[in-house]
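S.K.: Listed below, chain by chain, are the residues.
Protein chains: 2
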Amino acid sequence: MQKTLLLLCLLVLLGCQPKQHAETYPPLFAATLARTQVQVEGMMEQGFEVPVPKDMAGGHTHEVHKRNWKTLRDAGALFKLTGDERYAEFVRDGLLQYADKYKTWPKHPTNRSYATGRIFWQCLNDANWLVYVSQAYDDVYDWVGPDVQKQLNTELFRPAADFLSVENPQFFNRIHNHSTWANAAVGMIGLVMDDEELVQRALYGIPNDQLPAEMRDDDSGKILSKTGRAGFLAQLDLSFAPDGYFTEGPYYLRYALSPFLLFGRALAEKRPDLEVLEHRDGILGKAIYALLLEADPKGDFFPVNDSQKGMSLYSPEVVKSVDYGYYLYGRDASLLSIAAEQKAVTLDEAGLAVATDLEAGKATPFRPKSMAYTDGPNGDEGGLGILRAYSEGGEAQTALVMKYSAQGMGHGHFDKLSYSLYDGKGEIIQDYGAARWVNIDQKGGGRYLPENRTFAKESVAHNTLVVGQKSHYNGDIRIGEKYHPEPYAFVGEGNDLQLVSATSDNAYPGRKLQRAQWLLNAPEFDRPLVIDLFRARGTVAADHELPTWYMGQLLMTNFDYATEPTLRPLGEDNGYEHLHLEAAGKPTGQTAEIGWFNNGRFYTQTMAVRPGDEVRFVRPGAADPNFNLRRDPGFILRRPNVKSTTFASVLEGHGSYSPRDEVPLRPYGSITDVKILVDDEKYTALQFDNKNGNRWRLLFSAADNDLARDHSLTIDGQTYRWSGVHHLIKINASK
Amino acid sequence: MQKTLLLLCLLVLLGCQPKQHAETYPPLFAATLARTQVQVEGMMEQGFEVPVPKDMAGGHTHEVHKRNWKTLRDAGALFKLTGDERYAEFVRDGLLQYADKYKTWPKHPTNRSYATGRIFWQCLNDANWLVYVSQAYDDVYDWVGPDVQKQLNTELFRPAADFLSVENPQFFNRIHNHSTWANAAVGMIGLVMDDEELVQRALYGIPNDQLPAEMRDDDSGKILSKTGRAGFLAQLDLSFAPDGYFTEGPYYLRYALSPFLLFGRALAEKRPDLEVLEHRDGILGKAIYALLLEADPKGDFFPVNDSQKGMSLYSPEVVKSVDYGYYLYGRDASLLSIAAEQKAVTLDEAGLAVATDLEAGKATPFRPKSMAYTDGPNGDEGGLGILRAYSEGGEAQTALVMKYSAQGMGHGHFDKLSYSLYDGKGEIIQDYGAARWVNIDQKGGGRYLPENRTFAKESVAHNTLVVGQKSHYNGDIRIGEKYHPEPYAFVGEGNDLQLVSATSDNAYPGRKLQRAQWLLNAPEFDRPLVIDLFRARGTVAADHELPTWYMGQLLMTNFDYATEPTLRPLGEDNGYEHLHLEAAGKPTGQTAEIGWFNNGRFYTQTMAVRPGDEVRFVRPGAADPNFNLRRDPGFILRRPNVKSTTFASVLEGHGSYSPRDEVPLRPYGSITDVKILVDDEKYTALQFDNKNGNRWRLLFSAADNDLARDHSLTIDGQTYRWSGVHHLIKINASK
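These protein sequences, in sequence, are chains X and B.
Going by numbering that gives the first Met the number 0, the residue at position 141 of the first sequence is 140; the numbering climbs one at a time, nothing skipped.
Going by numbering that gives the first Met the number 0, the residue at position 731 of the second sequence is 730; the numbering climbs one at a time, nothing skipped.
Hints were generated in silico from the structure; no laboratory data involved.
Please note that a few of the clues may not be correct.
No copy is singled out in the list; a pair is fine if it fits within one copy or between any two copies.
[To be verified] Pairs of lysine-lysine residues, derived as BS3-like cross-links and limited to a Cα-Cα distance of at most 30 Å, are as follows:
#	residue 1	residue 2
1	K308	K424
2	K481	K424
3	K149	K642
4	K674	K100
5	K674	K481
6	K729	K69
7	K674	K342
8	K149	K102
9	K642	K424
10	K690	K424
11	K308	K297
12	K297	K102
13	K424	K65
14	K690	K100
15	K674	K69
16	K424	K297
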């Protein structure tokens with residue numbers, strides 16, 4: 000920090016002022032520029048190092064080459080903005096050092112990836128490098144002159160582009176974020192060098208007939224696209240659903256979007272005839288919004304599939320999405336408030352526009368709405384339903400995510416119809432995310448840990464139904480890639496009662512699963528209730544288990560349970576081998592209640608139960624030889640040996656408690672009873688009561704999702720008539 | 000929230016303005032006043048409820064009576080500040096309701112305390128009630144007139160005062176925070192009613208000769224003070240060390256200080272002849288500072304002994320300490336910055352002075368220094384050593400606390416020479432604190448949980464040496480009350496090398512324990528190193544085990560370990576029955592290294608080990624039938640079957656990592672080797688190296704703590720000479 004300040008002072012004293020004086024820029028742009036100058040000057044002073052590649056992610060040579068691509072890119076941008084030739088010289092000299100050494104580097108010595116790089120342990124990082132370094136090269140291309148151009152083009156960039164494409168087709172030709180990086184890298188350097196062969200290769204991929212038919216990557220994803228297409232335009236057409244949803248989920252979309260946006264902008268500028276920004280009805284803009292709308296109220300991306308938690312709207316990588324989204328797609332003023340929180344802008348026209356309009360006070364609050372995303376290139380392979388309800392005078396947001404998407408390729412998890420729940424303080428019901436510490440060398444070199452496959456991907460690690468202690472699709476990606484759930488109903492308008500529902504007929508052969516979840520915002524409750532209905536229909540008896548991965552510390556149950564004197568794994572496979580059984584109990588009444596505390600708030604889940612049901616309290620950590628798993632608690636509602644059954648529960652968040660004043664407010668939930676009144680092929684009717692004697696009945700049409708259909712259902716002699724998928728009746732205490 | 004806003008609007012519209020208009024007050028005072036008015040008006044509108052006592056803490060009647068004392072006190076203060084008689088009427092009518100019902104309430108029906116109350120389940124809460132209600136009564140005493148005075152005095156307040164004193168001597172006559180509340184309650188109401196008998200009883204207690212000799216409270220603390228004294232003046236003389244340290248620790252001091260300050264101020268006003276503010280060289284002011292200086296860099300109080308974590312400098316209860324400390328004891332401008340963070344002031348002259356001076360811009364940063372507190376009324380019963388070092392240009396604080404205090408009475412833990420470590424993000428090496436959820440009904444009615452005694456108090460739950468798997472003083476408070484460790488050395492000046500050291504000869508009969516810990520702030524390290532030395536000398540061989548309760552997730556070790564296929568408790572008693580053994584390994588080299596990650600930072604502990612040493616990875620949670628224990632990890636360095644031995648380690652905090660950018664900085668520690676070069680009766684010499692080949696030698700005089708003594712020690716033919724307890728030598732790589 001002191002060093003940084005010193006440098007800043009030196010810069011000012013020495014009169015190293017940018018061509019356009021920083022003060023003429025709006026504050027956020029000026030601040031980003033000044034910060035970047037300090038960083039780049041620091042690196043320039045330190046000397047540019049180009050070490051022989053050796054280390055895995057997190058190791059020295061990895062981190063130096065990574066820092067280099069960032070410094071080169073920033074120096075290029077500074078040259079463009081300030082005209083100061085010292086920056087151009089720095090870029091040129093750095094690139095010449097790379098040119099000098101690149102040819103002497105065979106494959107990276109680690110040899111631990113399905114596509115080993117030359118600068119890094121994996122081609123993916125080589126492609127990252129080339130994308131960013133292409134920007135730097137573009138900024139100084141004219142300035143370096145033809146001799147240097149020729150040297151760099153032939154000794155460094157064309158070889159690097161060939162290495163990442165024709166020499167590694169298993170990396171280049173997938174429909175996958177890795178390949179998007181590869182396509183963009185090859186295309187962007189092609190545009191800089193005016194190398195049409197590379198640009199064509201980037202846009203259209205290597206033809207299928209030049210590839211081995213059964214080639215697979217190490218995630219078992221297929222190299223050959225089903226359509227026989229590859230390259231950047233195919234990525235645009237096949238990577239996203241028509242509404243912009245990215246099949247791998249937001250964690251990977253955040254990563255994948257960079258090359259899309261960077262190559263997209265470069266193409267828009269240098270190949271305007273391709274109309275890439277307008278391509279597929281502006282798919283890049285939709286993808287930007289899909290990213291920004293897949294974050295919890297705190298700003299963290301929903302950790303669906305293989306996601307490291309904590310990646311956020313406010314991550315440096317998302318600055319570009321916000322700024323380009325604003326600049327290229329409609330100047331949505333609510334994006335400005337994200338930019339303000341990001342505290343940075345891109346050092347280009349887009350960032351300048353954002354900073355200018357922010358300074359002009361144009362920002363409006365970012366207040367995402369409920370959204371049903373579709374999956375698959377045609378939007379017909381399931382999807383992701385996000386319900387958002389606002390409480391406490393609109394200040395507090397609750398977000399529920401139900402996942403009924405396609406497999407999500409190699410990074411997909413086996414968690415059909417799973418759900419997770421969030422509020423402004425973070426996770427309430429968690430998705431485990433990935434078992435991985437990205438870039439942390441000590442944890443398997445920063446790659447996916449073995450427990451990612453054996454636990455994090457398995458069904459039981461998620462909040463979804465597990466039948467016979469086997470994962471969905473038998474935990475086989477080849478089966479998973481064939482099928483997907485179907486969206487059933489979505490009511491995301493209004494703030495009082497919202498619904499998301501989907502079905503899966505293939506997670507378990509011979510069983511039809513259907514889940515419906517509601518957020519109910521009613522004055523009787525502090526925060527929106529989650530009402531959960533899970534129907535399973537089969538013809539062969541099996542154990543049905545529904546886990547709830549709650550965050551926090553258990554406070555109470557309304558049934559007895561016994562803790563285990565020694566902790567044993569709950570099973571041998573399908574993720575159960577990683578679960579310690581801590582305690583178990585059999586609820587005796589019709590309703591099982593479990594209460595816990597987290598982050599200053601109380602939660603109570605009230606479940607309709609049947610005789611024979613058992614609640615198992617579990618915790619990951621078994622068969623975990625390197626302490627890779629988090630010890631977060633869960634409980635499993637187990638219903639043994641049934642053919643068909645329906646689970647129903649209500650989750651209430653209530654009251655508050657702070658150790659600073661030690662005053663609990665409403666520490667007990669108000670729901671007293673949850674019952675299934677009707678449960679047949681056509682309908683399920685739920686009922687729940689609260690302590691004040693109010694009663695709610697929620698009627699659900701399980702077999703007909705036509706929103707215009709009329710229904711009638713008689714319960715206790717009372718006939719209810721309604722139109723559409725669901726109907727809520729409130730019966731007041733006075734009645 | 001909406002309701003609150005509505006009320007505020009109504010207040011303004013109806014012209015219910017305070018006598019002195021809020022805007023003439025400085026902002027923080029005006030804001031506190033306005034907030035209080037909104038709260039009190041809300042309660043006035045809602046109607047005053049005086050329910051028949053029935054519930055435990057957290058239950059309805061408990062919370063209502065608790066809210067009542069607060070509302071009455073606030074309404075009294077509002078009457079005094081605004082002159083609005085509606086507030087006085089509200090207080091009068093509320094008190095009359097209590098008078099009407101109090102006589103009909105026998106003991107609280109729960110009967111679960113050593114001193115059951117009448118309004119609450121324990122006398123303690125009845126005393127809280129009387130302290131605050133006395134303030135309200137004082138504010139309206141003259142206004143209500145003689146008839147109401149007579150009625151309230153005879154029907155409510157004198158009976159309540161007698162109940163809390165002569166009817167419950169086991170509650171009233173201890174030297175304990177419970178009794179301070181009782182003394183203050185009886186004395187404050189005595190001052191209001193001008194009842195000299197009550198005032199004398201409050202000041203001097205019930206004479207010992209009127210008490211049964213062996214009477215004990217349920218914490219096994221003695222009722223009779225050793226000195227035969229009781230009452231408020233005895234509390235002032237015996238509760239604190241001469242420097243203000245409170246033997247139970249800051250969590251209880253925060254609680255105990257309220258009656259001290261409230262009764263103290265009332266006495267200063269109405270019995271100035273007693274000179275209570277000046278009593279014992281201003282002991283109340285020293286106690287205030289002792290409280291404010293026993294908080295971690297985040298502001299949370301160190302959780303020594305029975306403490307619920309999260310109680311903080313910024314808790315509502317601490318507002319009074321800050322404001323009275325400022326107003327009554329020297330107007331220390333650094334207290335103003337705590338007040339600014341508290342966002343509230345007391346509604347009296349003290350709060351007004353704070354708010355006025357804050358508004359005048361007089362606040363300076365609160366930057367606590369290292370401090371060696373003494374324990375015991377005479378300051379000769381051990382103490383608490385707090386080292387604070389500032390790094391990152393003075394912005395970041397690291398705080399190390401070593402506990403060598405007396406038993407701390409009934410709330411004391413058996414953790415002699417234990418330590419804990421904190422930075423601005425919170426705990427790095429934790430003290431478990433109490434097993435208790437204060438006021439949370441679901442958790443044992445909010446009282447201490449069984450695991451508090453069987454785990455939280457035991458030695459193994461702390462970062463201190465455990466010999467033979469037995470707790471210090473054999474876990475017996477009667478032994479613990481007899482002994483205490485001795486301070487050995489404290490060097491808290493300067494920021495580069497600080498030392499705290501203490502000895503204990505009585506934790507284990509026949510064994511002499513000595514610990515020395517340093518914070519070393521050196522340019523080679525990101526943050527201050529913790530250097531730890533633990534010497535144990537005995538004549539009978541026993542297993543020596545040193546736990547480290549680190550916060551975070553294990554990243555690496557430099558030795559192999561094996562995880563357990565099933566988890567069993569590590570022992571049968573002394574807290575070991577609550578520990579699951581997760582894994583164990585025997586380091587093979589001379590140095591064992593364990594690395595972990597927490598809160599965005601990396602930590603590496605490097606320990607000198609010997610053949611036969613074992614590291615056991617443990618986690619609480621065994622024999623925990625109600626999920627009362629937190630599942631935080633720890634490791635135990637076990638050295639079996641030795642008579643005398645010395646443990647040495649270096650803990651380094653380094654680098655950073657955020658999931659937002661996924662860039663690890665310095666994920667590996669730089670310490671390569673920790674060795675004990677000399678270890679005899681007089682000296683221990685440590686040596687540690689870093690990756691750049693630098694070497695440090697730290698020489699410690701273990702048997703002579705005279706700061707003026709000259710020492711010499713020869714190591715590898717090199718003779719070092721120094722004066723005082725310790726000497727650090729740095730040997731540069733070039734040498």
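S.K.: Compare the structure with each hint and give your call.
M.R.: So, going through the hints one by one against the coordinates:
no., hint, result
1, K308 x K424, "both (14 Å within a copy, 19 Å between copies)"
2, K481 x K424, "neither (37 Å within a copy, 47 Å between copies)"
3, K149 x K642, "neither (71 Å within a copy, 76 Å between copies)"
4, K674 x K100, "neither (71 Å within a copy, 42 Å between copies)"
5, K674 x K481, "neither (37 Å within a copy, 60 Å between copies)"
6, K729 x K69, "neither (59 Å within a copy, 37 Å between copies)"
7, K674 x K342, "neither (50 Å within a copy, 47 Å between copies)"
8, K149 x K102, "within (15 Å within a copy, 101 Å between copies)"
9, K642 x K424, "neither (39 Å within a copy, 51 Å between copies)"
10, K690 x K424, "within (27 Å within a copy, 41 Å between copies)"
11, K308 x K297, "both (12 Å within a copy, 25 Å between copies)"
12, K297 x K102, "neither (46 Å within a copy, 52 Å between copies)"
13, K424 x K65, "between (33 Å within a copy, 28 Å between copies)"
14, K690 x K100, "between (74 Å within a copy, 28 Å between copies)"
15, K674 x K69, "neither (58 Å within a copy, 41 Å between copies)"
16, K424 x K297, "both (6 Å within a copy, 19 Å between copies)"
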